[in-house]
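Going down the list, the protein sequences come from chains G and F. So for the first sequence, the working numbering puts the first residue at 1; every next one is plus one. So for the second sequence, the working numbering puts the first residue at 1; every next one is plus one.
Take these hints with a grain of salt, some might be off.
Pairs involving identical chains hold if they fit within one copy or between any two copies, as the list cannot separate such chains.
Claimed, not checked - No more than 25 Å apart at the CA atoms, straight line, and that leaves these computed lysine-lysine pairs for BS3-like:
(1) 303 - 318
(2) 570 - 504
(3) 390 - 352
(4) 229 - 318
(5) 390 - 318
(6) 648 - 96
(7) 667 - 504
Hints are computed from structural coordinates only; laboratory data are not their basis. The structure presented is a predicted model; accordingly, all values stated were derived computationally and were not measured.
Protein chains: 2
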Amino acid sequence: MNTDELSINSVRFLAVDTVQKANSGHPGTPMGAAPMAYVLWDRFLKHNPADPAWPDRDRFILSPGHASALLYSLLYHTGYDLPMDELKRFRQWDSKTPGHPERGLTPGVEMTTGPLGQGFAHGVGMALAERWLADHYNRPDHEIVDHHTYGIVSDGDLQEGVSSEAASLAGTLRLGKLIYLYDDNDISIEGNTDIAFAENVAQRFHAYGWHVVGPIDGMDPESVDSAIKMAKAESGRPSLIICRTIIGFGSPNKAGTASAHGEPLGEEEVLLTKQKLGWPHVEPFTVPQEALDHLREARVRGKKQQDGWQARLDAYGKAFPDEAAMLEEAWSGELPQGWDEGLDDLFRPGDKPIATRDASGAVMNALVDRVHAFTGGSADLAPSTKTLLKDHGHYGFEEFCGHNIHFGVREHAMGAIANGMSLHGGTIPYTATFLIFSDYMRPPMRLAALMGLRVVYIFTHDSIGLGEDGPTHQPIEQLLGMRGVPNLVVLRPADATENVEAWKVAMERTNGPTVMVLSRQALPVLDRDELAPASGVQKGGYVLWEHSPNPEVILMGTGSELHIAFEAGKTLSESGVSARVVSLPSWELFDAQPREYRDSVLPPDVRARISIEAATPVGWERYVGLDGVVVGIPHFGASAPASVLYEKFGLTAQHLVDEARRLVAAKSGV
Amino acid sequence: MNTDELSINSVRFLAVDTVQKANSGHPGTPMGAAPMAYVLWDRFLKHNPADPAWPDRDRFILSPGHASALLYSLLYHTGYDLPMDELKRFRQWDSKTPGHPERGLTPGVEMTTGPLGQGFAHGVGMALAERWLADHYNRPDHEIVDHHTYGIVSDGDLQEGVSSEAASLAGTLRLGKLIYLYDDNDISIEGNTDIAFAENVAQRFHAYGWHVVGPIDGMDPESVDSAIKMAKAESGRPSLIICRTIIGFGSPNKAGTASAHGEPLGEEEVLLTKQKLGWPHVEPFTVPQEALDHLREARVRGKKQQDGWQARLDAYGKAFPDEAAMLEEAWSGELPQGWDEGLDDLFRPGDKPIATRDASGAVMNALVDRVHAFTGGSADLAPSTKTLLKDHGHYGFEEFCGHNIHFGVREHAMGAIANGMSLHGGTIPYTATFLIFSDYMRPPMRLAALMGLRVVYIFTHDSIGLGEDGPTHQPIEQLLGMRGVPNLVVLRPADATENVEAWKVAMERTNGPTVMVLSRQALPVLDRDELAPASGVQKGGYVLWEHSPNPEVILMGTGSELHIAFEAGKTLSESGVSARVVSLPSWELFDAQPREYRDSVLPPDVRARISIEAATPVGWERYVGLDGVVVGIPHFGASAPASVLYEKFGLTAQHLVDEARRLVAAKSGV
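Go ahead and model the full structure; you've got the sequences and the hints to work with.
In structure tokens, the structure reads:
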């Protein structure tokens, strides 16, 4: 067994033993993909196991996250801070080796994978960020941003639509430094891929504008080596290397079958496999020193590479001090000094009514002038979402230095690509589409929340307020669905002034994604000289206005409906019912406040509470309780002018006034 | 102007006038796509405007639903029950001409479209259903199921991932009677499609195994005619006809630009366009009698076609009375007599614990023996979701008579295809995947709810109870997200006996989709000799058990957590706190009960309430109120054995007992 064979088997069997010890997991892919992974990591991947955060490292994504044991085995072999004991605690509580790779938990894991297709699409975002930063910061003879994004992708990844979307965009943008090894093993859980996946993958990727290499023998190191060289040589197109492999390779009874996929081989079969592949180390978790020595050269190589890069960066810093400082700041994720200057003056009392989508566009355009890392785009709706960063150019394959990304009608990939850009670092990405289409991008939004990524998802046309387009375009349940996602902050500002504050929250939030929910229709600018300051948005909810400090009834709402609540509150108070109006733009921020503050906004003994939101009523009982009234839309919308819909669906100040009077009367026993 | 030209312009300008009158809508696509639509509807489409429900009609889908004015114009011209007055009330309250086509509202509208990609993917389901019914029911010389599925699809549709998924499956299954005309107009909202969509569509569809015709001149009727003939002649592959068109054709100032897409031309531009195309009818809504006479021949042709088919059906009924009766029943959507026989005996007290996914599989296999129309499949997870219909074969291109569909790893298309099958009629479709992947299929689930389709979405691995796969696979917010969708019934049965009842609900629900949420882990079979009958599931919630009729505390839960609540309830009652345990498998069904019933289950004056569900706590305040305790998981899960997670996250009977004691003590002021 030569060093390559020895190392491949060492990587392979450490993964097999890891799964077997846990008695849970997926051995098949690690066994078949070990050769390609080994060649990539040993001969090509530019990384420094001692510094997994080195900005100019190559990125590696294991898109079929269920094959996590392969990644842990690679990390161990190449000398990341992942002790063998952690591999022995695979899939156990509080280990660094969870069932699917989790970013932040395990050094060297670039992203959390598991839901198929996401790794593929996030990788496109990483490659996009690299390209963008390189275009902006590199100078002749100063290639300080210069790395590849590699990934292993599976049959399942390529069947998911999100991969198709991302691949098409990657082809359009000619992302030449994106290289995926496709583990083409013909097997999926229900059997041979023929039953559901008869397409010609090579031809499909050709059609997307990719450089396709192979099919090659993915089990042969030299074939993989040549293929990756060809891929690296192609700088104008992303590359897909089709690697024919055998799932569960080496297992006498399971190789090439679906049963190798999702369950441990069994102790006996592990032994038979080791025997078949001539692996003498029957004792689990045995790693030959020769393999370890060989693979841990990655540390020496990595240090040398990083040192060389640091020297180049220093030279760059001398030649281009301003750019270097900006790049440093972008990498750090910190906002430049004075980033929010002037935002508070954008909107003043007396301004004419303005849709929050328009107000948001104004804020964004103010931001990008100061925060260069701020970049993003829309799924073919920029004129409607008002998210264009004016005079800031767009992404393209020829002139590449703009800030605006044309994602095409691809909401799902848009979410994943923005996440990938955030993962890469150096950018603060945003996306934009209509709120209804948030349904198309829930999987990446969830992953961003799970990974704690800084991304801003902008959703406009946020209710029946969009009017004539009708129920297919009118969100009802989308807000609620997003409010249930842990670590996702949802903001629905009520006017331009809350909009400014919402953007401050979003920009300063570094440990998770933020959702911005905006109106299509114009809304009055609340008069902050008369009302509470908009900075209350930072706390998620605040008392906007009240008739007296001891309210009989509390009216609460978000976004466009806050104005209805406000009107009702004034009417009630004028007629002798003391009302308080609470703006609740973000449940998550409000819930995170100390109980004392929350109780000051919503006094526990005031049970006459009414909420209003042009969305499903489900969930508002959280603040309204069993004794109040939730005014919402418990059905789908309809096609008609917005004003008609608000009237027909009872989202009116008069309705709130009636309900409030009823509640107060019931309480006083009238 | 010959009759074709006259008719095309008549269709075109009625659409233009419709949009202009509403002063809202999308004129560009109707103007460019009028020729292809005209040729298809006038020369090929087999339909009877007098009977839009005729089962053997060809199906037509307008996937870019924003071009609805084109469809309404076609329906008017060919003589459907859609008066001109309705076109004049385009996009107004209570009209039959909403902004996007809505099934059920407008005769002749086969499906609700608007969210891009959905029409494309639903059409694949229609073609699949046709193929399945034809395979099952046709006999030599008795082709009683024999129609095509046609569609117009747009650039945006082809960019959406769901189309890619559906196209790949349609190619694999060789759906030769599926024919799409691709309106290739190079324009999307943000500009020329080059900026985001540079792929080679023809090559991509070749790769999927499609028959690609063109690009042709989509504005030339004879080119469209030849292309459709070629597509019809190809019976072994689905066809994509690439029609080059000009968006906003005829408009001197807007043709070929994005500004023709989403807003009315303006009155002046309408006049200029009519002038340019030599259309003398400046008065809006003028339809020349010649065009009307010509296009309304569809009624004569349609009647003749339907009569011919009826005669063939009668002959079939004589030759194959049993099959004819079955087919009739399938079309009617009614369940056969005795469809639920024996279901109640599937599970008995004393049975060993069984996962609800396994129990569900048993029910499904009992069902399919009696309900032939019951068919579906999984997104490559059948062995895990336990949804295989044993000994019932699978869909394939050679042997096509099975019941099991291999959807591949394509959750999004799976949802859309199942919807399309339901729309087609003759089938009761189901889908299956893990609950976490419901995130991938939210858009079609919403459409099914909006259209009122009978589909069953099965989701297993419904909580942290799946254990080691970790947070990427553990649902937290998915249940809440689905509970917010109007007209979607979500059921999370607690054991095998509730499972049976849940399936009864799902099978009998004809006006909307049902979600079945099932455990991976085994759960005890509740002893119905001792407890309330499982039929309480039909009401969404019921008192499972109580210590006395005057409970001090109510414990409520769903699914696997109901057993924890039950254990806590018994413990409490033994220690002197009278507890009631409520099973709440479906919020929607429970909320639909009369107040009297709901109050009998959850007496308004009992405020010591605790809910438990292994999911986000958000939303449970609906039943718990401000004074109770919601036990849930307000964060993401983790990778570890299920039992460890339940303990670590506090989902234990002891926790409930402690909270209950605290609530009761607080109330009594102790």
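Do the hints match the structure? See the list:
1. Proximity of residue 303 and residue 318 under a CA criterion of 25 Å is satisfied intra-copy only: 22 Å inside one chain copy versus 83 Å between copies.
2. Taking the closest pair of Cα atoms, residue 570 and residue 504 never come within 25 Å of each other, the shortest separation being 30 Å inside a single copy and 51 Å across copies.
3. Taking the shortest Cα distances, residue 390 and residue 352 sit within 25 Å of each other inside one copy (22 Å), while across copies they are farther apart (66 Å).
4. Proximity of residue 229 and residue 318 under a CA criterion of 25 Å is satisfied in neither setting, with 34 Å inside one chain copy and 69 Å between copies.
5. Within a single copy, residue 390 and residue 318 get their C-alpha atoms no closer than 32 Å, and across copies no closer than 72 Å, so neither meets the 25 Å cut-off.
6. With identical chains, the CA atoms of residue 648 and residue 96 are at most 25 Å apart between copies only, with a shortest distance of 17 Å across copies and 55 Å within one.
7. In this homomeric assembly, residue 667 and residue 504 never come within 25 Å of each other (Cα to Cα): the closest approach is 41 Å inside a single copy and 43 Å across copies.
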